[in-house]
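For the protein sequence lines, the chains are X and D, in the order given. Numbering-wise, the first sequence is residues 316 to 789 according to the numbering used here. Numbering-wise, the second sequence is residues 63 to 162 according to the numbering used here.
There may be inaccurate statements among the hints.
[As the list claims (entries may be wrong)] No farther apart than 27 Å at their CA atoms in a straight line, the calculated lysine-lysine pairs in the BS3-like style are these: (1) X:Lys689 <-> X:Lys405; (2) X:Lys405 <-> X:Lys347; (3) D:Lys74 <-> X:Lys347; (4) X:Lys723 <-> X:Lys347; (5) D:Lys74 <-> X:Lys405.
To be clear, the hints were calculated from the coordinates, so they are not data collected in a lab. Note that the coordinates shown come from a computational prediction; the quantities given were computed from them, not determined experimentally.
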Amino acid sequence: MRSALDIARDVRSGATTAESEMATSLAAIRAKNDELNVFLFIDEEGAIDAARRVDERVTRGEDVGALAGVPIALKDNLCQTGVPTTAGSKILNGWRPPYSATVVERVLGAGAVPMGKTNMDEFAMGSSTETSAFGPTRNPLNVERVPGGSSGGSASAVAADMTPISLGSDTGGSIRQPAALCGLVGVKPTYGLVSRYGLIAFASSLDQIGPFAKNVADAAALLEVIAGHDPMDSTSLPEPSPSLLAHVNDGIAGARVGLVRELFDGADDEVVAEVERAASALRDAGATIVELSVPELHLGLSAYYLIAPAEASSNLARYDGVRYGLRVDAEDVAAMNEATRTAGFGAEVKRRIMLGTYALSAGYYDAYYGQALKVRTQLIDAFRRAYRVADVLLGATAPSVAFALGEKTADPMAMYLSDVFTIPTNLAGDAAISVPFGTGHDGLPIGVQLLGPGRSEAGLFAAARVLELADGRS
Amino acid sequence: MASPLRREDVAKVAKLARLSLSEAELDEFTAQLGQVLEHANDIAALDLDGVVATAHPFGLINVVRADVLRPSLSRDDVLAMAPDAQDGRFAVPRILGEAP
């Protein structure tokens, strides 16, 4: 499939039409969706309408936008008016949101054509897309493997050439890890850079929406469209969207890159080898490599698995069978709440709700949740110290290439460990990007991770572009 | 450091979270949640006296808007999504028990 930027250029010039690009995308979705289970809902009618509107505007000579006629896939925790939205859960099966997320409005405003809603771990809780109530998504590069998660559907949509770009959400690695496992560029933006209005909440102090793409420039273009202040999100940063695409080819000459031991320790040898090769490539492009140890990063996983479930237990209290979604009737309201939640939530969601409820309960609050919030402070301070000696940090995205379906479903702790390198960035509220770099066994892709302080996205895209070129992709 | 998680703790937490668990689920969740909490003991055991807690990466400050009327979702649209509605309100099963 052609890049998003090529499609948008040709739609604007009249060399192609949004409707024909939409038809190409729809045909690819129809051909592969039964096998891969990527889309939970294919919005054929909406896509045709959106594409025709773009083509009419082109005909009238209007400026259609940066994503003119580009098919896009949306993770199913992003609300779109009238389009079924489940967050991968039975408890929201059949629900149609009465409003659209800000990011959905912005991609539509830039001329993109939403093709439908993609599968995900239930309420974004998982690292393989296997906790979805609607069955797992398969990795298009090897259908016996997981695509990663929780945004596995949005990653697979791009990897399977169904759409050139997609949106996911990243609470502890849910964009970067599937990007790595599917051979894509995936970005966790700075907390507050992208509005969360209309994103079904998991852990509100960690969640961010971000792009998937096959190349760095497309990811930068999509992030530029969705970023920028939104009065509907009280945590939205005050400034307008930064200039990102214009900096993609800035290079990395003169920058200091911190190679952080804790961000690849424990990864498979083939992953460590690619991280080291990435360091060499950045050095060849004029960066200075600084070897760093940031021991506090080891505490990230524990802090995350207290903070995120604690926030989730509160956010998911709203699913009580009263205002929307599933209701299982019972004799009184408390029994109805309990019957509804018991039938509507899957095992992983129940685990996290209980973990969070426990961490917040009297007698355990100080030992668990309170300690985790203090560790979060220590992590932020540790990153701050690292960014005094390095402009960008380098590590692995995931400890291994894509693992087999079913391999980790019986062992939650093993599943949680697949996010060990991505979690610290969410706790710090910083930015990070996963970029494909080399392959491991069975030809499966490996992703390396570039991390920067808040609002450093332009520099991260430039560094990622250096790696993209060094890995032989133009 | 907190004591190991017991089966009755999990049962109590499930009740608080409005979830009912089967006997088999109770056993499974006790083991699995215990494993996660055991991992979390690395931070439960740290001496962090004097460290300030961070609840939000950049310090959440309340944001307010001017108190002026503006369009919002219509009541009919919102009630149409509800499992049950009556007289312009959400309807639920009875809340109070029979009078003694």
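Here is how each hint holds up against the structure:
no., hint, verdict
1, X:Lys689 <-> X:Lys405, "violated, 35 Å"
2, X:Lys405 <-> X:Lys347, "holds, 24 Å"
3, D:Lys74 <-> X:Lys347, "violated, 45 Å"
4, X:Lys723 <-> X:Lys347, "holds, 25 Å"
5, D:Lys74 <-> X:Lys405, "holds, 25 Å"
Checked against the numbered hints above, the structure breaks hints 1 and 3 and satisfies the rest.
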